[in-house]
Every structure is written in C-alpha cells, then in structure tokens.
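Asks: Each chain is listed here by its residues.
Number of protein chains: 2
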Amino acid sequence: MSNASSNLGQRVSEPGMTELWNVWYSELHEGLSGFTVKIDRVVESLQSDFQRIDILETKDFGRLLVLYGSLMAADRDNNAYNEMITHVPLFTHPNPKRALIIGGGDCGALTEILKHPEVQECVMCEIDKMVVEVSKKYFPYLTTGADDPRAKLVFQDGKEYIVNGKDKFDVIMLDLSDPVGPAEELFQEPFYRNVYNRLNDDGILVAQSESPFFNQRSVKGIYANLKAVFPSVHMYTCFMPIYPSAYWSFAFCSKKYHPIKDFDRARWDRLKLKTRYYNADIHTAAFALPEFVKELFR
Amino acid sequence: MSNASSNLGQRVSEPGMTELWNVWYSELHEGLSGFTVKIDRVVESLQSDFQRIDILETKDFGRLLVLYGSLMAADRDNNAYNEMITHVPLFTHPNPKRALIIGGGDCGALTEILKHPEVQECVMCEIDKMVVEVSKKYFPYLTTGADDPRAKLVFQDGKEYIVNGKDKFDVIMLDLSDPVGPAEELFQEPFYRNVYNRLNDDGILVAQSESPFFNQRSVKGIYANLKAVFPSVHMYTCFMPIYPSAYWSFAFCSKKYHPIKDFDRARWDRLKLKTRYYNADIHTAAFALPEFVKELFR
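From first to last, the protein sequence lines are chains A and B.
Heads up, the first sequence is in my numbering, so the first residue is 1 and it goes up one at a time.
Heads up, the second sequence is in my numbering, so the first residue is 1 and it goes up one at a time.
No lab work stands behind these hints, which were simulated from the structure alone.
Be careful, since some hints might not be right.
[To be verified] Derived BS3-like pairs: lysine-lysine, alpha-carbon spacing no greater than 30 Å straight-line:
| # | chain 1 | residue 1 | chain 2 | residue 2 |
| --- | --- | --- | --- | --- |
| 1 | B | K272 | A | K261 |
| 2 | A | K38 | B | K59 |
| 3 | A | K59 | B | K220 |
| 4 | A | K220 | B | K274 |
| 5 | A | K168 | A | K227 |
| 6 | A | K272 | B | K261 |
| 7 | B | K274 | A | K261 |
| 8 | B | K38 | A | K59 |
| 9 | B | K274 | B | K168 |
| 10 | B | K261 | A | K294 |
| 11 | A | K159 | A | K115 |
| 12 | A | K227 | A | K256 |
| 13 | A | K220 | B | K38 |
| 14 | B | K294 | A | K261 |
Turn these sequences into a full structure, and let the hints steer you where they fit.
Replies: Here is the structure:
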C-alpha cells in the first residue's frame with residue numbers, strides 16, 4: 001500500500017468537492033442554544049501566549065475572528081459594537097482629547113475613536129499582540145486606526161496599566177472579554193475604582209456589559225459594582241448579530257456628563273462620520289430599555 | 001428473537017438516559033447561519049390542513065411553537081413581537097374601538113390588544129384553527145385573549161376576509177408568516193390597497209416586515225409596496241431573540257396619525273399595562289433606525 005500523499009485521493013479544489021464540506025461554528029449559551037454558521041474554510045488557527053485564535057471563512061458573514069472560542073468580529077456584521085462603545089461617549093464629552101481602550105485587540109474601537117478630530121491621543125492597552133497582528137492581516141479595514149500617528153499601542157495587562165499609571169484620560173473604554181477566567185477582576189469594584197482615578201474630573205467610562213438577555217446575573221453584578229464607584233451609570237444597548245443573543249449592552253459611567261442631555265448632536269451633524277450602525281437618533285434611542293431589562297435593576 | 005417491545009431495552013425515563021439525547025432545533029438563513037437550540041423532548045408533532053406544527057420542549061427557552069419549520073413563540077422569549085405589533089398602533093390611535101388581526105394564530109397579539117379597555121371588538125382572522133387549539137393547550141398564557149368576550153375568531157383565508165368584507169377597523173395588524181409561498185400575495189400592493197379600504201379614515205395598519213439584517217430584499221419590496229398605498233409609512237424594530245437575526249421590523253402605516261407625535265403617553269401611564277418589552281420609551285426609540293437599515297431606503 002502506497003503512502004504517497006498524492007495517492008490519497010482528489011484535492012478538495014476539484015469542482016464539486018467543496019459541497020461535501022459540512023463544518024459549522026456554533027457558539028452556545030450554557031451549551032443549550034446560540035448562533036451557528038457554516039464554515040467554508042479554516043483560514044488559520046493560532047495559539048498565542050494568551051489564547052487560541054481562529055480565522056474562519058464563511059459565506060454568510062465573510063471572515064470571522066474567533067478568540068478563545070468566542071466570535072469577536074466578522075466582515076459582514078454591522079459594526080455596532082465598535083461604533084456604540086466609542087461614539088456614544090465621544091459625542092457626549094465636550095472635548096475628548098485623550099482616550100484609552102483597555103482590550104480591543106481587533107482595533108475596531110480604536111479606528112472609530114480616531115475618526116474624531118478632537119482626539120489627540122488614543123492609547124490602546126491590549127495584552128495579546130498577536131490579536132492585533134492577525135487583525136491587521138485579515139481585517140485591514142478594522143485596523144486603519146492603528147496606523148494613525150495619534151494611536152499609541154501598549155501590549156500589557158490592562159489591570160497593571162490602569163493601576164500603575166498616573167496620567168489621566170477624558171474617555172476610557174473597557175473593551176473586554178467576558179467576566180469569567182482571566183478578565184474577571186476587570187469587572188470588579190476595586191478595578192472600577194482604579195479606572196475612576198485615571199479619568200479627568202469630567203471623564204467618561206464605557207464598559208461593555210454583556211447580553212441583558214442571556215447574562216442577567218453578570219449584568220446585575222457589573223452594574224452594582226459600577227454604581228458603587230460612579231455617580232452616574234446608564235445602560236444602553238445595541239443589536240449585534242454575531243454576539244450571544246444578538247443583543248448587547250454597555251455601561252455609560254460618568255463623573256459629570258449625561259449621555260442624552262450632554263449629547264453634542266451638532267458635532268455629529270458637522271463631522272458627518274461614516275458609520276454602519278450609530279447615528280444621532282440611535283445615540284438617544286439606545287438608552288431606552290425594554291421592561292425585561294429594566295426589571296434587572298428593580 | 002423476541003419481538004416484544006418491552007424487551008427492546010431500557011425506557012428513556014431511566015435516570016441518566018436523557019443525557020444521551022442530543023437533538024437540536026436549528027433555524028437557518030439560506031442554510032448558512034442561524035439560531036440553534038437543544039431540544040429536551042418533542043412534545044407533539046401535528047399536520048393540519050395547512051402546515052406542520054411542532055411543540056418542542058427546551059431547557060433554555062421552555063416550550064417552542066414551530067409552524068412549517070419556523071419558530072413562532074417560546075415560553076422564555078421576551079414577548080417583544082406581540083407587544084410591539086399591537087401597543088405601538090393602539091397607543092397612537094386616539095380611540096381604537098375595532099381592531100383586526102390577520103394571522104396571529106398563537107393569540108399572543110390578540111391577548112395584548114385586549115389589554116386595552118378602549119377596544120370594543122377584536123377580530124382575529126386565522127386560516128389554521130389547529131394553531132389556535134395547539135396554542136391554547138400548550139401556551140395558555142398567550143391565549144387568554146381568545147376567551148375575552150370582545151374577541152371574535154374567524155377561521156378563514158386572510159385575503160378573502162379582507163377583500164370580501166365591508167366593515168371598517170381603526171387598527172389592522174398583519175401578523176403573517178414570511179413573504180414566500182402561500183402568504184406571498186399578502187405582501188403585495190393590491191392586497192395592501194384592499195387593507196387600506198378596510199381602515200377608517202384615521203386608521204392604522206401595522207405589518208410585520210421581516211429582519212432588516214437578513215431579509216433586505218424582502219424589506220425593500222414590502223416598503224415600496226406599502227408606500228405606494230399609504231401616505232405615511234415608518235419602520236420600527238425590536239429585539240426578538242428567537243426570530244432570524246434576533247432583530248425584527250414592523251411597518252407603521254397610517255392615513256393620518258404619526259407614531260411619535262400622536263403617541264398617547266398619558267394613556268400608557270394611566271393604564272399601567274404589564275409588559276415584558278414595550279414601554280413608553282421603547283415606543284419612541286423603536287423608530288430610530290441604524291445606518292445599515294436607513295441605507296435600505298436610500
């Protein structure tokens with residue numbers, strides 16, 4: 001029996017063969033329900049010092065970026081997460097000169113922030129350099145911000161960066177993975193207090209705060225911790241088709257500004273940023289919460 | 001070899017056996033991506049004169065109602081669809097006395113409508129009586145409206161009901177299945193013109209109008225057809241976790257009233273209806289459309 005690999009059979013590039021490939025990516029909530037998408041091809045699978053990274057090719061959503069088994073970005077999502085975590089605080093703060101992202105390795109949030117001419121510097125502190133490299137290679141449109149001279153990339157643990165530094169920011173965004181495992185501490189009150197201290201006196205924090213449909217216990221915990229630190233905390237939400245339940249929330253936490261009363265609509269009208277989800281009406285509407293979400297805070 | 005069924009093996013009710021049951025319900029967009037949920041048990045599968053009807057038991061969502069392979073309702077969804085298709089027009093119309101639902105066999109919309117004391121009669125025209133019967137048996141909390149003396153159930157083809165009748169309504173809701181197959185005609189301009197004629201001079205139509213994320217071609221068609229008939233057409237959306245993409249839209253079509261300017265917030269405050277999704281803030285916010293949706297109308 002020949003062991004020559006050329007004798008093992010047809011190559012999958014033969015016409016008709018790809019129809020027999022039936023591989024699916026599924027992301028399940030507690031193993032019971034969730035999102036599933038057919039994969040055309042596993043483009044690359046890597047192991048960084050911190051996590052497994054997969055790039056998958058699909059027909060329905062284009063390329064997917066999967067970190068430690070969680071879908072982070074897709075060519076054909078709606079960019080809602082990146083736009084909502086950034087433009088909501090940036091169009092509320094009257095003069096956002098210095099911004100900080102903790103996490104955000106795919107650079108999607110960074111790219112949105114640097115659409116604002118008021119921003120003079122945006123630090124992105126991401127623990128895993130390989131996520132940035134992979135994103136630059138496979139999602140170049142997401143990472144244009146990384147080449148902006150105002151971008152300062154720091155590859156370091158976010159907690160250390162927050163605790164050890166002294167310089168202050170106008171807007172901080174916690175673009176973190178889920179509050180289990182290594183990131184858990186970054187959803188606790190002591191960390192939020194340190195974040196508070198790195199904000200200017202009129203600074204704004206926005207933290208991603210999970211799915212209000214699936215992660216109700218996490219959501220309650222996050223908001224209790226934030227409200228112990230910040231005088232003003234408001235949840236807002238968006239439709240994000242590739243995240244668990246497709247409904248995602250953010251915590252707007254502020255020392256001074258109100259996300260609706262202080263929204264600078266005139267600046268949005270003047271800058272004419274190109275977005276796929278965010279706009280002035282969405283800015284305000286996103287703070288209207290359905291009854292089942294309000295219930296979490298009663 | 002014995003043929004006695006009692007000798008075939010253990011019953012699945014034996015402890016530990018159900019862990020080996022690994023059956024999933026998946027609803028896919030063009031066979032490529034979608035929602036998947038683990039099934040504990042197939043409670044009942046029926047064939048009516050019109051369609052296949054399945055009742056499935058799940059851990060994550062409770063019982064599911066599946067019609068012709070599409071998930072319609074679940075014990076633990078957020079009731080957004082039923083509340084949004086009804087309360088938005090009913091709290092906009094100043095005096096909604098007569099309402100009509102075309103479709104809506106699970107009675108969820110009917111039950112919401114009859115929470116309004118102003119409504120004196122609600123006709124529900126559903127082609128498939130078996131859907132109502134199955135819903136009464138398995139989703140009794142959805143069907144309480146069917147026992148209200150103001151409810152009038154008509155088991156007839158919706159198109160015939162609209163075309164052949166003469167009496168008029170204040171609010172009509174098209175709670176229809178997807179615009180493919182038998183229901184296709186009910187998304188076309190001639191039918192919408194007939195619906196227009198069954199509305200009073202200040203009447204409101206709300207039609208479910210598919211997912212603006214997945215069904216963009218259908219959405220464009222539906223709105224073009226509606227705008228050819230109604231002077232005022234506005235899209236609004238909701239988060240509906242069990243529908244394709246979890247993001248659903250409705251067309252508010254009116255002869256006279258504006259869904260936000262004429263919203264009777266005082267009535268909402270006074271009636272104190274118990275809802276799980278709808279509230280006064282959501283009423284207005286639902287009309288704010290993300291850029292990728294506005295793009296469909298440019």
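Asks: Now tell me if each hint is right for this structure.
Replies: Hint-by-hint comparison with the structure:
no. : hint            : in the structure
1   : B/K272 / A/K261 : holds (27 Å)
2   : A/K38 / B/K59   : holds (24 Å)
3   : A/K59 / B/K220  : holds (22 Å)
4   : A/K220 / B/K274 : holds (22 Å)
5   : A/K168 / A/K227 : holds (21 Å)
6   : A/K272 / B/K261 : holds (27 Å)
7   : B/K274 / A/K261 : holds (29 Å)
8   : B/K38 / A/K59   : holds (24 Å)
9   : B/K274 / B/K168 : holds (29 Å)
10  : B/K261 / A/K294 : holds (25 Å)
11  : A/K159 / A/K115 : holds (27 Å)
12  : A/K227 / A/K256 : holds (14 Å)
13  : A/K220 / B/K38  : holds (26 Å)
14  : B/K294 / A/K261 : holds (25 Å)
Comparing the model with each numbered hint stated earlier shows that all of them hold.
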